[in-house]
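Using the sequences and the hints, build the whole thing.
Chain by chain, the residues:
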Amino acid sequence: MSAFDAAIRLVYLAVASCFVLGLHLMNSPVTARRGNLLSAGAMAVAVAATVVVLAEAGVVRPWAWGALAAGTALGAGVGLALARRVLMTAMPQLVSLFNAVGGGAAALIGVHDFTRHGASLPVVLDVVIGGVTFSGSLVASGKLQGLVPGRPIVFPGARVLTVALPLAMAALSVLLLTGGGGGPGGGGGVALLAGLAAASLAFGVTMVTPIGGADMPVVISLLNAFTGTAVAMAGFALGNTVLITAGALVGASGAILTKLMADAMNRSLGNIIAGGFGTGDEAAGGSAAQGRARSLSADDAAIQLAYAAKVVVVPGYGLAAAQAQHQLHDLAELLERRGVDVFYAVHPVAGRMPGHMNVLLAEAGVPYDRLADMEDANAAMPQTDVALVVGANDVVNPAARRPGSAVSGMPIIDADRARSVIVVKRSMGHGYAGIDNELYTAPNTGMYFADAKKALSDITAAVKTLVG
Amino acid sequence: MSAFDAAIRLVYLAVASCFVLGLHLMNSPVTARRGNLLSAGAMAVAVAATVVVLAEAGVVRPWAWGALAAGTALGAGVGLALARRVLMTAMPQLVSLFNAVGGGAAALIGVHDFTRHGASLPVVLDVVIGGVTFSGSLVASGKLQGLVPGRPIVFPGARVLTVALPLAMAALSVLLLTGGGGGPGGGGGVALLAGLAAASLAFGVTMVTPIGGADMPVVISLLNAFTGTAVAMAGFALGNTVLITAGALVGASGAILTKLMADAMNRSLGNIIAGGFGTGDEAAGGSAAQGRARSLSADDAAIQLAYAAKVVVVPGYGLAAAQAQHQLHDLAELLERRGVDVFYAVHPVAGRMPGHMNVLLAEAGVPYDRLADMEDANAAMPQTDVALVVGANDVVNPAARRPGSAVSGMPIIDADRARSVIVVKRSMGHGYAGIDNELYTAPNTGMYFADAKKALSDITAAVKTLVG
Amino acid sequence: MLSIGIVKETIAGERRVAITPDVVPRLRRAGLRVLVEAGAGAAAWFPDSAYGEAGAEITGADELYGGAEILACVDRPRTDRLRAGRFLIGLLHPDAAYTGELAAAQVTAASLDRVPRTLSAAQAMDALTSQENVAGYRAAVLAAHTYERFFPLLVTAAGTAPPARVLVLGAGVAGLSAIGTARRLGAVVTGYDIRPEARAEIASLGAAVLDLGGEGAGEGGYARTLSEHEQQAQRDELGRQVARHDIVITTARVPGGRPPLLVTETGLKDMRPGSVVIDLACGNVETSRPEETLVTGNGVTVIGAGNLPATMPAAASTAYAHNVCAFLEHVLRDGVPALDRTDEIQAAVIITGGAA
Amino acid sequence: MLSIGIVKETIAGERRVAITPDVVPRLRRAGLRVLVEAGAGAAAWFPDSAYGEAGAEITGADELYGGAEILACVDRPRTDRLRAGRFLIGLLHPDAAYTGELAAAQVTAASLDRVPRTLSAAQAMDALTSQENVAGYRAAVLAAHTYERFFPLLVTAAGTAPPARVLVLGAGVAGLSAIGTARRLGAVVTGYDIRPEARAEIASLGAAVLDLGGEGAGEGGYARTLSEHEQQAQRDELGRQVARHDIVITTARVPGGRPPLLVTETGLKDMRPGSVVIDLACGNVETSRPEETLVTGNGVTVIGAGNLPATMPAAASTAYAHNVCAFLEHVLRDGVPALDRTDEIQAAVIITGGAA
Amino acid sequence: MSVQLLADLSVFVLSLLLGFEVIGRVPTTLHTPLMSAANSVHGIVLAGAVIIALTADGVLGYALVFVTAAFAAMNVVGGYVVTDRMLEMFQPRGEK
Amino acid sequence: MSVQLLADLSVFVLSLLLGFEVIGRVPTTLHTPLMSAANSVHGIVLAGAVIIALTADGVLGYALVFVTAAFAAMNVVGGYVVTDRMLEMFQPRGEK
Ligand SMILES: NC(=O)c1ccc[n+]([C@@H]2O[C@H](COP(=O)([O-])OP(=O)(O)OC[C@H]3O[C@@H](n4cnc5c(N)ncnc54)[C@H](OP(=O)(O)O)[C@@H]3O)[C@@H](O)[C@H]2O)c1
Ligand SMILES: NC(=O)c1ccc[n+]([C@@H]2O[C@H](COP(=O)([O-])OP(=O)(O)OC[C@H]3O[C@@H](n4cnc5c(N)ncnc54)[C@H](OP(=O)(O)O)[C@@H]3O)[C@@H](O)[C@H]2O)c1
Ligand SMILES: NC(=O)c1ccc[n+]([C@@H]2O[C@H](COP(=O)([O-])OP(=O)(O)OC[C@H]3O[C@@H](n4cnc5c(N)ncnc54)[C@H](O)[C@@H]3O)[C@@H](O)[C@H]2O)c1
Ligand SMILES: NC(=O)c1ccc[n+]([C@@H]2O[C@H](COP(=O)([O-])OP(=O)(O)OC[C@H]3O[C@@H](n4cnc5c(N)ncnc54)[C@H](O)[C@@H]3O)[C@@H](O)[C@H]2O)c1
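Residue numbers (my numbering), protein chains in the order written: chain A, 75 to 542; chain B, 75 to 542; chain C, 5 to 360; chain D, 5 to 360; chain E, 219 to 314; chain F, 219 to 314.
Calculated directly from the structure, the hints in this document are not laboratory data. Everything numeric in this text was worked out from a predicted model, so none of it was measured. The beta carbon of each residue, even a glycine, is placed where N, CA and C say it ideally should be. The reader is advised that the hints may include incorrect statements.
SDA-like cross-link-like pairs, simulated, lysine to any residue; straight-line CA separation at most 25 Å [unchecked claim]:
id : chain 1 : residue 1 : chain 2 : residue 2
1  : B       : 527       : A       : 383
2  : A       : 538       : F       : 238
3  : A       : 333       : B       : 527
Some chain E residues well away from chain B (every beta-carbon gap over 10 Å; in silico) [to be verified]:
id : residue
4  : 228
5  : 275
6  : 306
This is the structure in structure tokens:
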């Protein structure tokens, strides 16, 4: 091995290490951005080094240089434009789109390698996985963007396809690997490969189409891991270690991440995928209403609270029922120590007796100057980052503002007017007045379903570990 | 590469993966034992596979087989016997001994390889690192065992040696690598290597001898990481990937662990090593008295408490001064939920007014049936796993049992009679009576120096994350 | 511009006043002139000067009854002073006879004890709740004052003082308030009620729940009267429980009926000397006499406390004044009562008249 | 076997008793026969029957004074009834005259108010601490009972009740105990003392500390008398503070001296009607008269409460009995007092005699 | 099995293990940014696109290079930029 | 630099990274067991001892094998057993 080759390999090794470090830094909100920059820098180095290899080889045709340059410029431009313009809310579908093209690129490398060296296990895997990812990610992206209907789509013959396609892919792969289509570039082989690619693309579509929009983030993460694996296969095909390392890294971390995301949504990955081939969205959560509500984890709540400037706590009867006043005070104190401005909005009839919340909060040692009455709290609500509603229901029910409901005419705490709302209660269950609460299904509301005592102490622990 | 070779390499790869998984499982007390077993199993497979390689090669002389078998049997026997018999308290020095022989073995492999293929960078590094580790670990072990005086030893000329030895080692290495001593087995080379080995052994001694006994665990961990690196070098020399992988794994994880240990003791690694070449023990902790006391981290306290069956909390004026009653109750509740039996021993004059502790604990919502009076608490003390003393001083001062001190004649809570004691206070400072408290320097006492409010909430967080 | 007159209470021991100085500006904003009978608030620590500063006019009784179209009182005023067409607001606890009298006097009368309890929009006018809340707090403080030992557990060098054991029978508004206050003081508190949801509410204050089985939920959030057989079983079991406590506070009522008898004389016999029993409902304890304090032979102090809010007049009056004010704000349109029989609150509260 | 006699207190309003039934067995284990004057514990809710069950003998006053070698009392007994050679234990607050009388009667007298306060071993006998602890708790409960508003903050549908603002002047044992109790009830409490370490102690109960500058630590853990100039400055500043509070509880004492005057009549003038001032030291408040309750022209209730423990006799007696018992256990050797002038505690406590 | 392949396989396996280990207790809120970051890393396929340019000839070959490069570049550039934008919201607040 | 060496180096670097990553937030109380476990893992040097037996000859060579094997075996066997003993104390309690 020449010194040049060795040097390039060493650069690749360094790049791979930087990727690892970059992902490592992404584990904490504090260092995440630095991690991303490091990773990006390493990526630039890797690409540059590869270009040097190309230049050093000196055999590259001008047209190839041109195609490479033009393609890179175009892709970079489009990618940049999309990434710059996209709205916060549309980011997941964009990520999915980028994932699609990444998978596509990996598959195309497989195709290229096939034209040079014929079929090999990595090439076949590359094309299959890359193909599935490409089409699957596009569908996922489309679903989130609303181009493809978000609800699970079950089209006629879907079941047949879900069995037939994998069989076909397996058969074509075996044929290819056993040299069924002649040597490299042999016509039969090309046809087989084209068939394989087509089947893979089709399978990607059939796999994602039946899955409901709510599960899309998990699916995208899974497809992301797929792409990683496809890239690693491309690396095997090209004999390039940095592709192998980076690809495997993404494959594995993507898999773990997929599991974490599914766990956070209380779904199993198997359910989502299998569910995709049959049932639809309803499986997510318990009742239909609970399904419509956005469910949060302790970590989400913790980060939202820790990075807020102003938090209003709205306690209700559930706080008393759970006897969670000490845990609540603890959380509030922790947030205050982090510089968050926390106060408590006490509704006159929260709880079940006059002054119920006062009795509780005093027991927990909440200083009186942290309590705000309803009018003050409502005045400050639009400037409030998070309204943390703990076991309150009727006293934050916006239905009170309209005539005709059991709570009509009662003044309420306008938690719904805060920038975001976190509600801690055990279920979508009713309060004293026995009516539904539309606050819980509002878009800026996240529900943390748990007993208040447990919920609050979990959130406190999460704040401590996440943002220390 | 033959299929046999490939198979062996794959086995090695699997073994390396198992080592990783094993260490991974060691991160949590719940899975640690499983991790160790997995690692041990993988080790057995690796050794067996290597023996198969040997057998398959068919060129091994019977004497070599014999030496191998006899050596292995002897080593295994001695290791087993020592490991089985050692007292809990003597384990660190035993680990250090095992580390020493591991390093020695790595160095000897270097020597062997030198006799075959002459000097190479891995071989030289192997011998140097292995040699330093061997002697250094033996000294560390001896210090802990009391065979070598535990206090920092500074012998005359030590400073000269600490400069001279590394220079000599560097010079000899360069000579060896530039072929200064002739080919493999060449007499000059052997002499150089012997010199290098001797210098390394001497350096190991000079490095560890001046370090005080309190810092030994960190030093042992560092030497452990050294051995890993030496083994990896041996792997390079032998061209054996499993040695490289396992060695590098230990080298890196050992390094991280060393840092964690130093952090936990509030020392910097640099200080310890550099300090070793000058100052001694005193640097650990603030005042002399504080130095004599054993200092704990939140994690230690958390694990001791979480794995206890019975915990007695002894609150004192410091709890009131820190207004930490809510945090204390929180911790106690968490422990109770884990099945620990927690109660509070209230001393009649704890605090600064009659019933001071009652006022506080009631404010925090501690149920009355969790309070024990002094007599009951003392009766239960010998069966108590941990006495958690929070901001109490005079009321747990064993000096009260002897005449002649300011607290003599006052009945006390016999915290010192619990199996172990955790004391939370800010310093070794005095209480109301203004006298020292020998409880704080008792061997079964660990001090957690911090404001009680912070300390207790940190311990709670630690319990949650560690054994959650 | 209509005037509202604040009556000086006439019943003995009634120290509350219907409107306190702090709500006077609110009434004026609602378009009323506020007349205050001289000395009306004195017993509740609201001197005439405070009313004057708040914008009210101090008058004699004659001008007041003569000039004010709206009259605010706590207890029933003397009917003979009321003129036809007046709008009277009070805690009238109306019975048929009294309603008849008012009707005869051609007075439009609103009794705030009739506010529907379960209607969210009416909570601000719910004077029963506000007064019972005062009564519950007061009962606990009175118990602490009367009981000549410590409420909280104290471990001291001079021995350990055990906590007082408090039993609260009936966990409505007053009962819950008493439970909360007694717990604050450090007593070990047990609550008891026959409505099943009250059990969770007792627990939500951190108190223990006494469960004797059986249940007695009635209508409108109130309890029902138990059958004679149920009552006897309850009394027997409660007798045993009462003896285990140092303080018993009873608040059990059923709408329309006599307060159930919960603690019998024999039950009191087994209590420790120095124990205290406070009968808020004036009828839950066999030996209690309204507004009297008796000490039994075995040293149990029994307090018949039918009108505790009147013994904490400053707090009770302030809360009641808010209720009256909220009711007026509900009823007044441009400073004039707009009576409307279809309004759920008015339909319940207005007991006579209906055209102002 | 020696006998100990439990005296029935004679001073008006003194409802405590020196020994309660629960310590009778402890005294008997210490080798004493226990005689109880009939009705001695009645006012503190300890009937004779309870003593009898505990193993004491009920006797008349004559047998008691005649037969018991050791006499336990709370306040000073009549000297004329004491015989020579008796061992008297009480809270005698001895002055020269009384000590002379006792010496003349040839009585060995131990006054438990003389227990050294800072000696750890003597804490169990420290009757001043035990009684002041009762007094502080009682003062807070009395204040809550007298104050006719809520102590805690309550946000209700009938308006928000603001918390009571309580100021405790003097944060010794009684003051701290009052602070703790008032805080439990939900009041906003501020404490004030001139000893610097008392500030941290106030804060350790979660109360606010009023810092007027200046310090006055004296000897033995007590405060010193301030100079006239210091006192005037203190009074002026306190006057301003007092007006901002609803409840003022004063407990400031200096050993040997008159209690410092902290709250002047002008200070009271600015308080709200309905405010409550309790003078535990009987001398901290200008207008207060011992054992009297006055209401000032502007509606401030001033209570001179010099002997609050006597108004909570059950708790106070129980604690005091433990003190007496601990002292006896310290002094008795095989059932006989072993007097020893070199013992730090005895040297301080025994005011006359010394050879039993 | 070639030595190269075995070496590659070792690298692959170790990288997989690294991938598993490197993801720790990530807060849920970081899931999407982390996914996006991982997505950017497989943009390394751009290096692959460069490599196939080495041997590309013929219109079809050039087209393949073009498309592959465009796809890969979009993945890389877009991926990193969008990740960075997501992470902007975790910037420490001024007053803290 | 040989291909083998480069491959070995890659493996080495990746293993180092793995070593860094695999140690997470370890409780202090597990520091010693973890150190001991890591100590056992470098007992893999026993495999090295086996390999040198392949080429050992001469008394010196055999002695070298003997000592190396003895050292390494002691490291492995003792290391794992002592680690296990340390970890015994983390056995879940019966009643939990
Ligand atoms: N203050 C008074 O004087 C008084 C007196 C009587 C009635 N009320 C009425 O009571 C109501 C008070 O409103 P509010 O918002 O305080 O209470 P609410 O409307 O009764 O709602 C309480 C909520 O707490 C949740 N909860 C119960 N236990 C919980 C636990 N352990 N952990 C977490 N959440 C728990 C319940 O939902 P899940 O079951 O899903 O957990 C429930 O929806 C008003 O309608 C008021 O009119 C007030
Ligand atoms: N109960 C009564 O009636 C009464 C009245 C007066 C006096 N005393 C006397 O007070 C003493 C009571 O004994 P004790 O053991 O309760 O208290 P102590 O002996 O006074 O000791 C309290 C300890 O708490 C620590 N501390 C202070 N602030 C702290 C904080 N923020 N966080 C953590 N620790 C803190 C101090 O150590 P650091 O500075 O190192 O943190 C101090 O050593 C006895 O001597 C008793 O005789 C009692
Ligand atoms: N919506 C609101 O905001 C609001 C406000 C206040 C009260 N309320 C409701 O009004 C209802 C009545 O409350 P209240 O305090 O006026 O009740 P109340 O004064 O009529 O009775 C007091 C309590 O005594 C109990 N009781 C009756 N008979 C009993 C017996 N034999 N043994 C034991 N307990 C017995 C009742 O269940 C009740 O809880 C409750 O349901 C309460 O929740 C609602
Ligand atoms: N060792 C123990 O266990 C123990 C027990 C109880 C008390 N003590 C100590 O005994 C000492 C005396 O306590 P006490 O309660 O009997 O005191 P006290 O009754 O003599 O006085 C009450 C308080 O009034 C304060 N005071 C005096 N003059 C004042 C002024 N002008 N302005 C404001 N405050 C003034 C004093 O500082 C004291 O805190 C304290 O130091 C206390 O800590 C010790």
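Against the structure, the hints:
1. A hinted pair counts as satisfied when its Cα atoms are at most 25 Å apart, and residue 527 of chain B with residue 383 of chain A qualifies at roughly 24 Å.
2. As the CA atoms of residue 538 of chain A and residue 238 of chain F are separated by approximately 23 Å, the hinted pair is consistent with the 25 Å bound.
3. Distance check on the hinted pair: residue 333 of chain A and residue 527 of chain B sit about 37 Å apart at the alpha-carbon level, beyond 25 Å; violated.
4. Not every CB of chain B is more than 10 Å from the CB of residue 228 of chain E (nearest about 6 Å), against its label as outside the interface.
5. The Cβ of residue 275 of chain E lies farther than 10 Å from every Cβ of chain B, with a closest approach of about 33 Å, so its non-interface assignment holds.
6. No beta-carbon of chain B is positioned within 10 Å of the beta-carbon of residue 306 of chain E; the least distance is around 28 Å.
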